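> As they're listed, the protein sequences go chains A and B.
Residue 438 in my numbering sits at position 438 of the first sequence, with consecutive numbering throughout.
Count along the second sequence starting at 1, add 675, and that's the number in my numbering.
Simulated from the structure, these hints should not be mistaken for lab results.
Values in this document were obtained by computation on a predicted structure and should not be read as measured data.
We put the CB at the ideal spot given by N, CA and C, even for glycine.
Some clues are possibly wrong.
Stated by the list, open to error - To be clear about the criterion: a stretch of chain A counts as covered by chain B if any three or more of its residues have a C-beta under 8 Å from a C-beta of chain B, and this derived list gives those stretches:
#, stretch
1, 194 to 203
2, 232 to 246
3, 552 to 560
Stated by the list, open to error - Think about it this way: if two alpha-carbon atoms lie no more than 30 Å apart in a straight line, the pair counts; the simulated DSS-like pairs of lysine-lysine are:
#, chain 1, residue 1, chain 2, residue 2
4, A, Lys478, A, Lys567
5, B, Lys765, A, Lys478
6, B, Lys764, B, Lys1104
7, A, Lys453, B, Lys1002
8, A, Lys90, B, Lys1349
9, A, Lys522, B, Lys1301
10, A, Lys662, B, Lys764
There are 2 protein chains.
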Amino acid sequence: MALLGTSKYAQGIGLSGVNPDLASERQTASFSVEGLTTLLDGRAEHTRVRRAVVEVIERDPVFSRENQYFQTQNERYEAAVRKAVHLQKKMHEMGWREDGPEFIYIYRAVAGDVAFLLHRVFMRSISVLGSDEQVAKWIPLATKHQLIGSYAQTELGHGTYLQGLETTAVFDTTTQEFILNTPKISAMKWWPGDMGRSATHTVVFAQLYVRGKCYGVHPFIVQIRSLQDHSLCPGITAGDIGPKMNFEHIDNGYLMLQNVRIPRENMLNKFCEVQPDGTYIRRGSQKINYFTMTTVRVSLLSDEVILPLMKACTIAIRYSAVRRQSKLNPGEEEAKILDYQTQQEKLLPQLAAAYAFHFVNNYLHKLFDRGYKEIQERNFNSLPELHASSSGFKAMLSQYCTAGVEICLRACGGHGYSLLSGLPSLYTKIVASCIYEGENTILLLQTARFLVKCFAAASAGQPVPQSVTYLAAVKPGKCPAKNKLDFLNPDIYVEAYQHTAIRLLSSTAAKLQDLIQSGVKKHEAWNQCTVQLVQAAKAHCHYITVKNFVETVEKLENKTGIQKIMKHLCDLFALHGIFSNAGLFLHDGYISGAQMDMITASYLDLLGVIRKDAVPLVDAFDFTDKSLNSALGSYDGNVYQRLYEWAQKSPTNQQISPAYEKYLRPLLHNKLSKL
Amino acid sequence: MALLGTSKYAQGIGLSGVNPDLASERQTASFSVEGLTTLLDGRAEHTRVRRAVVEVIERDPVFSRENQYFQTQNERYEAAVRKAVHLQKKMHEMGWREDGPEFIYIYRAVAGDVAFLLHRVFMRSISVLGSDEQVAKWIPLATKHQLIGSYAQTELGHGTYLQGLETTAVFDTTTQEFILNTPKISAMKWWPGDMGRSATHTVVFAQLYVRGKCYGVHPFIVQIRSLQDHSLCPGITAGDIGPKMNFEHIDNGYLMLQNVRIPRENMLNKFCEVQPDGTYIRRGSQKINYFTMTTVRVSLLSDEVILPLMKACTIAIRYSAVRRQSKLNPGEEEAKILDYQTQQEKLLPQLAAAYAFHFVNNYLHKLFDRGYKEIQERNFNSLPELHASSSGFKAMLSQYCTAGVEICLRACGGHGYSLLSGLPSLYTKIVASCIYEGENTILLLQTARFLVKCFAAASAGQPVPQSVTYLAAVKPGKCPAKNKLDFLNPDIYVEAYQHTAIRLLSSTAAKLQDLIQSGVKKHEAWNQCTVQLVQAAKAHCHYITVKNFVETVEKLENKTGIQKIMKHLCDLFALHGIFSNAGLFLHDGYISGAQMDMITASYLDLLGVIRKDAVPLVDAFDFTDKSLNSALGSYDGNVYQRLYEWAQKSPTNQQISPAYEKYLRPLLHNKLSKL
């Protein structure tokens, strides 16, 4: 054992108990941590349910993530399937229902480390796009996991541009079947989760052909593996796409179809249908086909985008209150790195952003709940706004949170780079959110297209959706702030964001118009404006986020302590955004150089103010040690002891490498044991 | 086999030959690709040697990286040791010497995938810090790998702040030995490469105590494992620190010392020595102890920072010329994504940066070669400038290149996220360069400290090192450019960078002075300025990089085609920097809003110009397919076929997962094989 470095001596010199540096951070909180947790959860009842779910899950060894950082892709997959199946049992045992209050916390409790997420998208797409008969047939089977579903949209050669999908589904009137084919390699389905090794069925998106005419992309239920022995069905080629940056536990797969025949009833036909004689009938907007993806985009924000940033902040801020380095003042002991302005400037804006995004996510959910109800009543009017909002905010939040997690990782120095910190896996996972469910740049351009239309309408005095009415309110002028304290007035900074959002949009719309009028073709002109259109779309989302944060803080009037710290975070989020995008605000002189100096001063002052509450502010996120799964981020702050203990469990310490006998021993100077 | 999805049908529908979309990109190069490769290598002879080395290495199956993306940490380590040992044989066989021309290309040829890199740092530190006797004893043993060395500086609780290291070395006059100890867990050595499983020896940095007096940090050679059986030496606890974000092939280790005795001769004593009676003698600056790290910082830039960005650009640009998505013009076929302005705006500035950094790296090497000669002659005058330059440029380049690799990864959408693209491993590796050999923020602050001193000296009319003489040239005024073409005049933009660098430094120096004069303690005042000091240090390095690029382009006057395209890249690098940091240039009105619009217009125009040569510009980097190891980046552009073929080799497709029998089979509806 001494050979592998786990001597008793080593065990004996560590820390124990709660790290006093971290404990002291908690004694001076300016607000009630429990109160803030309740605010984040919505109400105390939710907090209670969430904690109960987390406790049940974390007590069950099947859901343990203890060895996660040491496992291979095969091991991760097997564990994820095991967890998914066990979860069904657990839910039954606990009486947790899919429509019950516990359900929304289960995914968070298992930290996303389960299989069959695409199975849920399979079910959701049938629920949204399927007829009553289709729902009645498939949903009960899927609910009981008597089949495993997937969602096969993306192809090797086609992602976000759905119209370009190349898989074909040709209707055969004689047999009343669709014949599905993968006409070339770029048409192979590629990436669908749960499809590489697990799924028995999948929803395939394919170009529908009836009597030689193409009707565009439609969804079809296709069985791909036998329910008896899991062998691939005739005409099916499928497998796993191999190693990825993360998501090792998911069997993202590929799928090729060769003359695969499915019955007419397997086309999801709530909104369109092919009748037995080949007549094609459409009910409602075809855009509804994309609505599944639109809702997925919003539903993923909380668990896949905002929570990871909250976790990264928790880990990095707790660690920064324990880690000491260099001296702030000569003669004193080394300082906590959280006391350095540069460290505060890395971490605290991320913390503020996590809160800002939590609140804007609530705003989006309200928007979508309203829209979803309308769509159920076949009123599709809000689809463009929903699509633009889901696109823009998914892009903005995923980009911001990914950058934020990376900043947290790098702010922890070398130890952040160890998988045991938990930060690398948060990063490698969240970065995918910039790509999946619509690549961010393309999404921002879709938002921009909506904004350009609304801007034209607003300028012409026509009605526009509520979220963009501000576009009609173009006010020239300058920022009226006179000193740095003025920039802690939300009216001042909200106005600055609004002004900048309108300026970017109007100047780009003008450029677009000029190009077209000078004879450049419309599509080419659009392309020449896209860099600036992306800026404009981001500025719009940034403005809404700041405005929503301000409104949220205003509503906290009966919670004084919490309102005060939330106001600081709101100010910090807003001023950090101006400081980091100074050029956008200075460009037309709305903000002057002297005012930017005031903003910088207020911004840097705020860092010092929020720093005092930094640890309680992450404690309020209420993550358990197990859910963080981080040697750096645990509640007790015993980072070095934990890093050392966890490292010893690594497979690299479980064996003497064969490399020694094979390659080193023959080489080393072994006349003497000691030189 | 059909079960695992590798049917003949699947093989049959792929592409073959060179992708015509990529081939067409190469027919219109405006310059000689071979000529540019020669320019990058320095001269044609270097290109010849480099290609010969690469060919020999890549022909040898031991150096294959074919299965790299599928291997576990243990497998990667074993392969890396095997490669390192085999490399010695190969060098002997080929007659390649450590001081020969081939040597500099070997590391590039094996793509960094070998063990014993820290063994080289071990040797370098002995060469630099050791006496002639120490060099004579240890270097021959190390050269023949009769021992494996490591470099144990970083501790669990101490990284960049070397003065804070806690390991102790107490001189025992009676036995003429140093007694080394790890007094607490935070003093454990943590991270040293080659130490977790391989090293027999290491250079330990420890606080030297003689007769109760501490003389600060010194380097000591310590044997940690037996040369006969590789068991840990008495008093040694060591092992592997476990999984990391990358560097799976390296056994980064931990080390604890308990009363480990080493002879007096094992303190590296070229610059300081403890005599038998305990008298401490210093020769020259103590700062020389840090010089190893300073030189390592510069020597790593090419292979670990710039080459990865070049590789990422090669992969992403080739892929973007093959990948098609959506339509630029209705009715046409889908467009190459490289034809979208937003894609150009992601990738082409990275390409320009790769060239800019290659050239500034040449500049740094010249600076260091000169400085190293002076130090050999015990003239330490240039140390502050060398230290500031190595710090600032290491920080700036690693940060910029890391961001650049991430942009390339994300610009390839979902396929970039597959390990098979080669991009994730480039990212997870390069991100470490922001942390190791000095954390970037701390390094930038060291550069800033140097700049503040030089600025004060320059303002007082005192002489300053050549690279900062510009600080004396504070000229007020405005940018004289009248139209967008003026911004393609290097005098105009170099002046803008210089102006901004001086402004940031002088305004922050003034803030620092004001704080101190208002009674804030010096260290606290410094802390309150650090966010802005970091900005100032970056602006200095950015300015030098732009200026050096301009001077490099000027020297290409007898290579017309190459000079023209390099001029475009230089303009792009400069204007992208202004566009992306607009606030810094607009702040005091040196650049007006109207001028920023001109800059934006020129910048966006350049994207279209350089796009035409984008593929030849990455071809000139001259990477082989094997060195890129990317399914997306190969010379022939057959991306989909290669992704599909490589995925099938994944271990996830080599077995039917036990998960099916264990968890799925009992669940699935198996009354019928088909629903």
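> Taking the hints in turn, state whether each one holds.
Consistency of the hints with the structure:
1. 194 to 203: holds (count 5)
2. 232 to 246: holds (count 11)
3. 552 to 560: violated (count 0)
4. A/Lys478 to A/Lys567: holds, 24 Å
5. B/Lys765 to A/Lys478: violated, 70 Å
6. B/Lys764 to B/Lys1104: This hinted pair holds, its Cα atoms lying about 27 Å apart.
7. A/Lys453 to B/Lys1002: holds, 20 Å
8. A/Lys90 to B/Lys1349: With Cα atoms ~28 Å apart, A/Lys90 and B/Lys1349 stay inside 30 Å; holds.
9. A/Lys522 to B/Lys1301: violated, 43 Å
10. A/Lys662 to B/Lys764: holds, 15 Å
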